[in-house]
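S.K.: For this one, chain A is given, so just place chain B on it according to the hints.
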Amino acid sequence: MDAILLILLIVGGATALSWPLGRHLRQAMDPVSLDGAAGRVDRWFRAFGGPLTRGDHGWKRYCFDLLTFNVVMFAISFVILATQQWLPLNPDGKGELEGSLIFNTVASFTSNTNLQHYSGEASMSHLSQVCSLMWLQFVSPAVGLAALVAMARGLAGRAMGNFFVDVQRATFLVMLPACVVLAPVLVLLGTPMTLAGSVTATTLEGAEQVIARGPVAAFLAVKQLGTNGGGFFGPNSTHPFENPNFWTNVVSAIAIVVLPMSCVWMFGRIVGRMRHAAVVFAVMTALLLVKVGCAMAWEAAPTPAFASLPILHDTGNLEGKELRFGAAAGPLWAVLTTCTSNGSVNCMHDSLNPLTGMVPMVGMWLNATFGGVGVGLINMFLYIVLAVFLAGMMVGRTPEYLNRRVEVREVKLAVLAVFAHALFVLGGTALFAATPWGQSTLNNPGAHGFSEILYEFSSSSANNGSGFEGLGDNTVPWNVATGLVMLLARFIPILLPLAIAGSMSQKRSTAQSAGTLAIDTTTFGVMLLATILFLGALTFFPAAVLGPVAEHLQFMK
Amino acid sequence: MTRKPDSLFASELLRPAVAASFRKLHPRTLAKNPVVFVTALGALATTACIPTAGAELGFVIQLSLWLWFTVLFANFAEAMAEGRGRAQADALRRQRSETAARLLRDGREERIAASDLKKGDIVVCETGDTIPADGDVIEGIASVDESAITGESAPVIRESGGDRSAVSGGTRVLSDRIVVCITMEKGHGFLDRMIAMVEGARRQKTPNEVALTVLLAALTLIFLLVCVTLRPFGTFAGAELSAPVLIALLVCLIPTTIGALVSAIGISGIDRLIRRNVMATSGRAVEAAGDVDVLLLDKTGTITLGNRIATDLVPAHGVPVEQLADAAQLASLADQTPEGRSIVVLAKNRFGIRARELAAPHATFVPFSASTRMSGVDFADGSRPRRIRKGAAEAITTFVSREGGVPDRAVLASAEAIARAGGTPLVVAEGARMLGVVQLKDVVKGGIQQRFAHLRAVGIQTVMITGDNPLTAAAIAAEAGVDSFLAEATPEMKLQRICDEQARGRLVAMTGDGTNDAPALAQADVGVAMNTGTQAAREAGNMVDLDSNPTKLLDIVEIGKQLIMTRGALTTFSLANDVAKYFAIIPAMFAGIYATAGASGPLSALDVMGLGSPQSAILSAVIFNALIIVALIPLALRGVAYRPASAAVILRRNLLIYGIGGVVAPFLGIKLLDVIVDALHLV
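Going down the list, the protein sequences come from chains A and B.
With my numbering, the residue at position 294 of the first sequence is 294, and numbering never jumps.
With my numbering, the residue at position 103 of the second sequence is 103, and numbering never jumps.
It is worth saying that the hints were derived from the structure and are not from the lab.
Using N, Cα and C, we set each Cβ at its ideal position, and we do this for glycine too.
Please note that a few of the clues may not be correct.
Unchecked claim - Covered stretches of chain A, going by a simulated chain B footprint (3 or more residues, C-beta under 8 Å):
no.: 1; region: 411-425
no.: 2; region: 430-436
no.: 3; region: 498-510
no.: 4; region: 518-524
no.: 5; region: 528-541
no.: 6; region: 550-556
So here's chain A without its partners, still in its complex pose:
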C-alpha cells in the first residue's frame, strides 16, 4: 500500500507537473509569435550570440553547430580538470587527476551521462565541480533539448532553426529557472549549500572525522532536472547530505522524470499532434509502470543469501538500501533513474535481487521511457520510425509519419542508430568479458560479474551514468572504453535522427485519409510498444539470460 502511494505521489506528481511545463517548454523553445516579451528575449539572445545566431538552418548546419559547441565545451572542461591543482576555489587542496580519468569524466559530463569513475568529494575541487561539471550539467541537457526542438521543427516541415539560439533558450529559459526554483526547495528540506571546505569533527569515540560539504543543493537541482545524475558525493543520492530525508527523495525523484515527460508534450505542441503525443506518453508510462511493478515485486522478496536465516522476511530486500527512505523507494528510484538517462542512485544497484537488477538494465537497453532531456524522445523517434514502417506496410500503404513518407533513407538511418546502441553494449561487454581489462576488475565471479560488465556498458551507451558498482572501474581501459562509448552513443543518436528529420522535412506532405495509418490510436500505441519490446528483447535476450536471469535461476535451485 505504501509502495503504491509512493508511486502515485512520484509518477502522478511528475505527470501533473509535466503538462504546464510542456506548455512552457514550447513557449520558451519555439515561440509561436515573437511579439512582446518572447521577442525581446530572443533579440537579447541574438545580440549576445552575434553572427552565430543569425538565420535558421537546415539539419547539416544545425548538426555542425551542435558538434562544434560540444567540442569547445569538452576542451574547456578538460583544461579546467587537468589544471585544477593550480586553480582557485580549491580549499581542500585537491591534487592532480589521471589523464584517462579526466577524459572519461569530461566525456561523461559532455554526453549528459555522468558516469563517475571518481568520488567527487575526494578528487574534485569546488572550481572543477561548479565551473566544469555543473556547467556541463546545465548545457548538456540544453543541447539535448535543442536537438529535440530542431527535430520537431524538421518533422513539422520547417527549417531546423538556429542551434545557438536554441541552446541559449534551453539554458536560460528552461534549465536555469527550473533549478532556481528547485535548489531553494532542497535547501529548505535540509540539503547543504556552501562554498566552504570540509569540516573536521570529533566523534563520540574521540576519533577525528573529515566531513565533506559544498554547494550541494545547487549541484543536486541540476543533477536531477537535467537527467545528469552525477553526484556531488561519491555515494550519490544515498549520501545523507545529497538526499537527507524522505521528502528530498520524493522531490528528487519527481525532478528526475519531469523534464523528459514535458518534452513529449512540447514535441506534440510543435508538430501540432497532441493526441499522438498522448499516445507516446502513454506508451512510455506503460513501460515505466511495468518496470516499476516488476522491480518492486521482485525486490519484495528477501535477498536469497538471507533466505535461510532465522530473521524477519516481510520487509523485502534491505541490502544496500537507505533505511530512511524505506525498501520501496530504492527500486522505484532505480527504475526512474534508468528509464530516463539520469543515473543517480539512492540504493546499491549491485545489491538488488538479480531480477530487480535486470530492470534498470532493461531501462537502459530500451532507453526511450521518457529518456534523457530531449534525447529520450529522439530515441523514441527511432522506434516510432520502425513501428510506423512495419505498421504502415501492414495497412497496405507506403509508410508515413506526420504526413511524410518513411522511405529507404529514413529506415537506413534509424536502424543504424539502433544498431550502434546494440554494438556499444554487446560489443563492449564481449570485449571486456573476454579480456583481463574486464575480468581483472571484477569483484564477483560468474553471472553477477558478467552483469557488472554488462551494466557498465549499458549505462555508458544509454548515457545513463549509474553504476552497478562492485567493479574496479577507474582503470585506463575502462576509462577510455566507456569514455568513447559515451561520446559516440551520445552524438550518433542525435545526428542520425536529425538527418532523418531533415530528409523528411524536404518531402511533399501527404494528405490524411481513413487509409492512412493513424498514429494517435491505441492500436498504434500497442504496435509501438510491441516494436520497442521486440527489438529490445531480440537484441538483449542472450545477455540478460547470461547475467541476471542466470543468477536468479542459480539462486532458485
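M.R.: Showing chain B alone in chain A's frame:
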C-alpha cells in the same frame, strides 16, 4: 489470353523452379538478398565444420543440410513466382517470335524479321498478317484480332488518325490492309517491359522493397552482433559454443522467412496484375497504386453503362400516355442507336405496344442529323400525312413552330425538370403538337455503389469525370455514390484537377484512352491507359489495361495495397517467430553452465517447451525455420487476405494474425518437430 495455370504448384511450373533454385546458388545471385546470402554463408561454414565435428558428426551434417535447404527454399520461392509470371510472358512471346514483317522501303516491299525492325519503319499488314511490333496506323482501316493480348475474341477496328490508331505487336489483321509506322522497337514495347519485370534478374526493386531490404539487412547485422558476442559471453560463463550451434542460432534469428519471400511477393504482385490483364511498366507503379488517395473515373463505361436508356414517359396535358408511347416507338423504329432501341423496348414492356413492320412505301424514316438534332418518321399514306419527330427540346420547339403549332409550355417544363434530375429529355411531337417527353437516363452499373463504399472505407476518394452539365453530373454522382465530380470536363480541367489534388498531398490514379488524355495520364501517379487507346496515351500512362475496362482501376488499387500488406505481415511474422527460437536454442546452448554436480544447469529452466535434448532443440528450430518458408510460399504468391476496411481495423487484424500468430506458431511447430526428431533418433 492463353491458359492460366491456376494451381499454385502446377507440375509444369514445379520442375523448372526446382532446377532454378539450384541455379540461383550462384554467389552473384545470392548476394542480391542479404538475408539469404548470410544464410548461404552460414550453410557453407557449417559444411566446412563437418570434418572436425568429431562426436557431433551426425548433428553437424544434418544441421548443414537443413541450412542448405533453407537457402534452396528461398531460391525456390523466387523461382516459383518467376515461373508463374514467365508462363504468361512466354505465351505472349511465342506469338511474336516467328513474326515476319513486310517492310515498305521507297515504295517497295521487303520481308524482314520482326526483330530487325527499327523505330520509324513503315510496314504493311494485310488480311491474315500478324502485326510485327507496336505502332500507329498511318494509312487504311482494318479489323484486328487482339485476342492474343486481351483474350477478347471480338475483333476491333483500327484506323489511321484519331484515337484508334494504335496497334500492338502480336495481334492479327482479320480484314483489309493497313500501313503501320513502328513506334517501338522489339524489346522495348510494353510487353517486353512486362516480361522483364517478372524475370528476377532484370527486375528493379521498388522503393518500398528497397527500404524493407535495408531493414532486413540491418536486423541481420544486429543478430550477427548478438551471435558473435555470444561466444565470448559463453566463454565467460564457462560454455564453449561451437561454430555450427552459433550459426544455427544466427540463421534462426535473422529474418529468413521474409528475406526468402520478399522478391516472390514483389513478382507475384505484378503477376496478379497480369492475370487481370493489366500490364504495369514498373513495379513502382504497382506500389503507388496502393497509396492512391483519389481516383479520377470517367463516367461512361466506368460508373454508368455506356448508353442512356429510356426509363419514363411524361405525356402532355390531355394526351394519353399510350399515344405518346406509340408515337415515341414509331419515331424510334429505325433508330439503331441504343437510346432509340431502349425507347422501343420501353413502349413494348410498359404498354404492350409491339414493334411493327412498317411498309416502306408508306413510311419515310428521318435519321438523326447533327443539324436538325432530331429523328423520326413521315407517313405519306392516307388523307393526312403524319410527321412524328423526337429530339432535344429546342429542336422540337423549332419543328413545332415550323409546323404551325405552339410549343407546349408544360411539356417544356417537364423536360427541364428531367434534365435537372440528371436525365436526358427527348421531346416527342406529331405535327404541330407536342405529345410529351421521353426520359432517358444513365444507368449506373450494378454493384458500383458498393465498390465506392469499399474505397471510401479504405480512405480513397472517387471523382467522376463527365462531359455532362453540372446538374446531370450531380444527379448521377449522387446515385453512384462518388465523392465528387468534374462536370463539363475537358482534358485541361482533368490535368488541373490532378495537379490540385497532388498539391494537397494526395496521390491520384486515373484511366484514359485518347491522345488528349496523355498529359493527365503522365501527371497522375497511377495512369492506366486503355489498350484501345492511342499510342500516346499508352506511352504516357504507367499501366495498360488490355481489356480496356476502366472499372479495373479499383482492382489495381487493391493489388497494390495487398502487395505492401503482404510484405508487412510476413515481416512481422518473421520477427515474432524469433521469440520461440530463442527459447529453444538459448537453453540448449547454456543448459550446462553453472551446473552443480549431477544436476542440470539453472538455465535449463528456460526450456519452456520441454524439448528432447539440446541438439534436437537446435535442429528442430532450424528445421522449422526452413519449412516455414515453404509453408508460406502460397501466401506470398496469393497475397494476404484483403478486405476493405479502415487502416486501424486492418492493422489490428494483421497484428493479431501475424504478430500474435507469429509468436505462438513456432512454439507449437518446434515442439512438434522436436518430438519427431526424437522419435526418429535423428540426433
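S.K.: For each hint, tell me whether it holds in the structure or not.
M.R.: Against the structure, the hints come out as follows:
1. Interface restraint, the region 411-425 of chain A with chain B: holds (8 residues with C-beta to C-beta distance below 8 Å; minimum three).
2. Check result for the region 430-436 of chain A against chain B: holds, 4 residues qualifying (beta carbon to beta carbon below 8 Å, three or more required).
3. Counting residues of the region 498-510 of chain A whose beta carbon lies closer than 8 Å to any beta carbon of chain B gives 3, which meets the minimum of three for the stated coverage.
4. Residues of the region 518-524 of chain A with a Cβ under 8 Å from some Cβ of chain B number 4, which satisfies the need for three, so the listed coverage holds.
5. Check result for the region 528-541 of chain A against chain B: holds, 6 residues qualifying (beta carbon to beta carbon below 8 Å, three or more required).
6. Coverage of the region 550-556 of chain A by chain B holds [criterion: at least 3 residues with CB-CB distance below 8 Å; count 4].
Violated hints for the displayed structure: none, as all numbered hints are satisfied.
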